Amino acid sequence: MRLSLIFKVTGYFLRFFGLMFLWPMAMAAYYREWADLGGFALAGLLAAAIGQAMWLSHPEREPELRRIEALAVVAGTWLVVALLGSVPYLWVGLSPVDAVFESMSGFTTTGATIFTDFSVFGRGLLFWRSLTQWIGGMGVITLFVAVLPRLAMGVGRLFFTEAPGPTDQKLTPHIRQTALVLWRLYAGLTLVEFLALSVAGMPYYDSLCHAMTTLAAGGFSPHALSIAGYENAAVEWIICVFMFLAGANFALQYRALLGRPGVLVRDEEFRIYTAIVLVAALFLSGFVWRAGTEMTEAVRHGLFQTLSILTTTGYASVDFQPWSDQALMILLTLMFIGGCAGSAAGGPKVIRHVLIGRYTLTELRRTLHPRGVLPVKISGRVVPDDVMRTVLVFFLVYVLMTALCVIAVVLLGADLITGITATMATLGNVGPGLGLVGPMANYGHLHPVSKVVLTGAMWIGRLEVLTVLALLRPEVWRLAHWRPVARR
Amino acid sequence: MQIIIIGGGEIGYALAKALADEHELCVLDTELSVADRFGLLDVEFLTGSGTSSSLLERARVETCDLLIACTGLDEVNIVACSLGSQLGCRRTICFVSREDFVHTTEGRESLSEHFGIDQVIWPEAQLADAIERIIMAPGSVDAGVFAGGEIRLLEFRLGADSPLVGKSIAALSLPYGVVIVAVHHGDATTIPHGRTVLNPGDKVVLMGTREAMKALQRLLSPEASSGRARVVTIIGGGDVGLRVAQHLESEPGIQLYVVEHDHARGEMLAATLGNALILEGDGTDLSLLESEEIGRSDVLVSVIDNDERNLLACLIGRQLGVGSVITRVSTPANLRLFELVGIDVALSARGAAVASVVHQIDGGRSSLLAVLEEGQAKVIELTVPDGFPAIALRDLAMPNEAIIGSIVRGADVIVPRGEDHIEPGDRLLVCATGISAEQVRALFTTGSH
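Quick note, the sequences are listed as chains A and B, same order. Each position in the first sequence, counted from 1, maps to that position plus 166 in my numbering. Each position in the second sequence, counted from 1, maps to that position plus 90 in my numbering.
In case anyone wonders, no lab produced these hints; they're calculated from the structure. Computed from a prediction, not measured in an experiment: that's the story for all the values here. The beta carbon of each residue, even a glycine, is placed where N, CA and C say it ideally should be. Careful: at least some of the hints might be erroneous.
Unchecked claim - What follows is a set of in silico ranges between Cβ atoms, one per label pair, in the way DEER data are often shown:
(1) B:176 / A:353: 55 to 65 Å
(2) B:341 / A:430: 26 to 36 Å
(3) A:577 / B:386: 54 to 64 Å
(4) A:365 / B:341: 51 to 61 Å
(5) A:530 / B:139: 50 to 60 Å
This is chain B alone, in the form it adopts within the complex:
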């Protein structure tokens, strides 16, 4: 596939790195200085603006299959995509960072209608949604919602006193309708078997129906489901912070604090948010956090535009006694480090966005639902093709490192066991690590077993 990437920043680099081996890439950036980084990859690099038609023509836009605009400027991205599709590019993906362009559904439609943009990706919004899901599932460190909310995915870090620790998975009494789809132990993520034993410090990923997951949450974190009002502190009232605050505000039983250092931005937040208390000050200002008793928060979310300050704010929060701390990481390399020093959840907005784009390109007919543990495992959705024989799961030649988490059949959701059958037309939610994802896909596209 011939792909043009406009913008050689973090997103552009991550995309190029993931796609360079398989595809024919051309990267455009106005800064010559970023060219060095791309020199190590097998890509063509052109210096200049993505909004110049002559440059796009030099990048052979007329034969190009996909144009991805991911500069830091929304307007540039929109113009580049528009120009690209005018000049004959088949498909365009536009990254945006502000709400203006995607505020309403009409906004999205007009983007595709007037500008020829096929897909808009707003990483900050995806991040904010992820943070909200994690907050709304107390005790979890990652959360996903699939099949219109019928299926939920939760990731927990196991403490020494967790009821799941010490026994083999086959011996656990999990609520009916819940499966453990992945276990993260040490540095490795594996798909568990009945004999797998869970240890303290492991992270487990569970999938199940909505009702079953509620029962599971009561089991794993009884104190969080007691119905008490939960206190959430958000440090940094930027795009992500505001979005998370807006979402949480509509949830009952949440008391919200937002710490923002910029006076004008603070006033804007106070005007926009109805019930949240806006505090003007630095998220790393110990005296402020102490006098406002931030330590009594159940969750602290730090979404400043700076990894170091986020880390500091989280560590202070943790020291003051906050229940769990969530932060954003801009540099993907810091992800591991953050979790090592005790941050409960570290999320990378760009990482998730890049993974979803890469999967779109390489994933064929399946769609990516979630990326677990920095890409070590994925949750993908597959449709069982017509003509595929209806067989019991235990007879299916599944790869070792893959598990079917749920079957969506019409309006029904089945959390399968060995004797359950799959039928043509079923949608399967599969959790798989690395190469196994490819094998599962191959299994269902060829139709052989």
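Bound conformation, chain A alone:
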């Protein structure tokens, strides 16, 4: 592992990342929040300076990143971006732990917040909070790959390491073209939602923030009561539609938009995802309706909360904390499923559940036919053994990570429900949990060490666990060196 090369590539991204701070600056200037400007300016300058320094750390142009180096670049970039993104929060007086938590929650599209009183924060800062989710939704690296001039340094590896779920669909022969196509689709959908929300009566500023955080499956809202605060049924229906899209595979949507809607029906993951949404919404609405809510409202909240939790967005159209345990159990289950591969959603992903289910059935069948050739198939195609193995290990590690985080958070003083749901909500990038971290509550009251643990959970969860854990292997660091030494 050549550290200087990793620094160089990360620095390359960071220089560009500095420009991102111009948007909240413009927003803050528009709303005349002059005091907040300094935070964004400082963050932007820091990003540019650190980026430039890192860029210079490796003089010559290296041909290609190796696999482990690509992993390090992706993990490192996300970490540094989250740290720099916390500077504006520090500027307004948040503690370092809280600021990094909020920033990481943004970039990983989790949507868990430590904010208690929203009125003390300016519109520029709340816009930045939404923007971090929007950037993180499609992926920091994907954005850089799409926008920056061509990198000759193993870009493909970077691209797929970050992509959520086991997917390798290239839409065009060029990675950069693919990234660009995906970002255009993502931005286009965001624009459509912004317009729809504005027409439905939401103020422009709020429409923009919500459009960005819906498509990112993020869940940050500039309103303290989330979507429930607007009391607008049309807005809720619109957001339902876009949450559904955010949780579905973007590459698939692109191909459907190209005039082949048949691909949606043929894609097994999309079919199962749709079925999960419908069945879960039906049961959830039923439970809510039985508890005494009016029928249409029960259906709306049932569908909204199903989508919000399944796609790991984390909005609340209603405070679901007082719902019956049956309803909460459904939400908890959805939290453990997640969206589709190649979407903005987090969680273990629908396709992994399907694959593991099929693998289990196949193994049962193998005991009956020991000599049978029994491949696991999805959408009519055979899943290679190595992919299957990765999926299995992912699942084991995901469960193990959940257990470890729950133990840590509960031992540090949280109650059991809070500890379990806070872990699931952060590792799965959902956002709100239950109990003391419920939809109308926040993470601010947790022990600072718990916050650090959960910040790590968000980071690991967004990068799909294995990417980060592979970097912790000692042999990676034993072989790490600053720069290749020329032999004479």
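Position chain B relative to chain A; hints supplied.
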């Protein structure tokens, strides 16, 4: 007719043997060693590649009427046909063994358009289709479908308890619309008369309308039409095995096993086939067949590329209790042997293909629909010429060894009896043995009776 045959393998030899007496043949092969075999036939043999234009010119391709490319390599066959038609050959027939070239109808068209190939013959596909037809007609040992599915032909082997045994044909109560068109007794195939009595062990060929044949099947093999899911085991997942499996998979109520010894091929089969269970192992591995209860299969199809192993697999299957066993035979000489030791159906892919080519060349205006009992009898289709008088069948001077199985008149199908008439424009499906086929053809081409 002047004919060039490219490729002196099994197909080339069989073609040359059948055509040498009547036609002027030139056989091309790269291997000098096969020349000895052709030395016994009255043909010219040239050593060299069929893709060389100078060699084709030596074979006088510019005046040649027909070029048949039947080497083992599809690409060579295509190039040879293309070159032949460029150099002036009137008609080309190309043998292929892989799906790539004939996968779609566009494929066929582009073959004739870009390569000048008039006809593509894919023996493995014909074999696979034949196997599928036999499986889908439980109890039968051969099956054919004509006139767009309206007319069916089935061959059965009669057991001692068969309802057809022991009575004269005139006394049998066959479903209306079914005729017995041929009987195979001992070594000889004959066209039956009303007085013919059927014996156990005979094979009978019946022709009739679709509905009538369904009734017949219920009569002859009641247990097979009970609607229970049928279990089919295919041994060998090669080209033929895969094709049969693909066809059967789309049929409801069939449970499919495919035994394939090659690991990579097995994975490919498992990826291609949705519902079949692929077993990795040898088709002659008794412990595998026993542990998977292959003996409970209704049909076992063995299509390995090796006659001996096919025979062994079939015999093991039979021993384990399989209902009926079907196998492919590569060497035509083995056909009889296989049936003697109890294989229900032995089919030769090349035999059928060669017969169809020979009939095309010698058959004039009739077309060959089926070859029965290694060519002892044929089913041919004739069109009654204009100006032929409409007369009752009983007044027609048919040769003894020929029978009209069906008359296709427009959209109607008639299974004729003595009082039925034939009219100009009718298409007749005739079953005939040996020389009688020629006589029937002569009857309808000259117009005299």
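Outcome of the hint check:
{"no.": "1", "hint": "B:176 / A:353: 55 to 65 Å", "result": "57 Å, holds"}
{"no.": "2", "hint": "B:341 / A:430: 26 to 36 Å", "result": "30 Å, holds"}
{"no.": "3", "hint": "A:577 / B:386: 54 to 64 Å", "result": "59 Å, holds"}
{"no.": "4", "hint": "A:365 / B:341: 51 to 61 Å", "result": "54 Å, holds"}
{"no.": "5", "hint": "A:530 / B:139: 50 to 60 Å", "result": "55 Å, holds"}
Going through the hint list in order, the structure satisfies each hint without exception.
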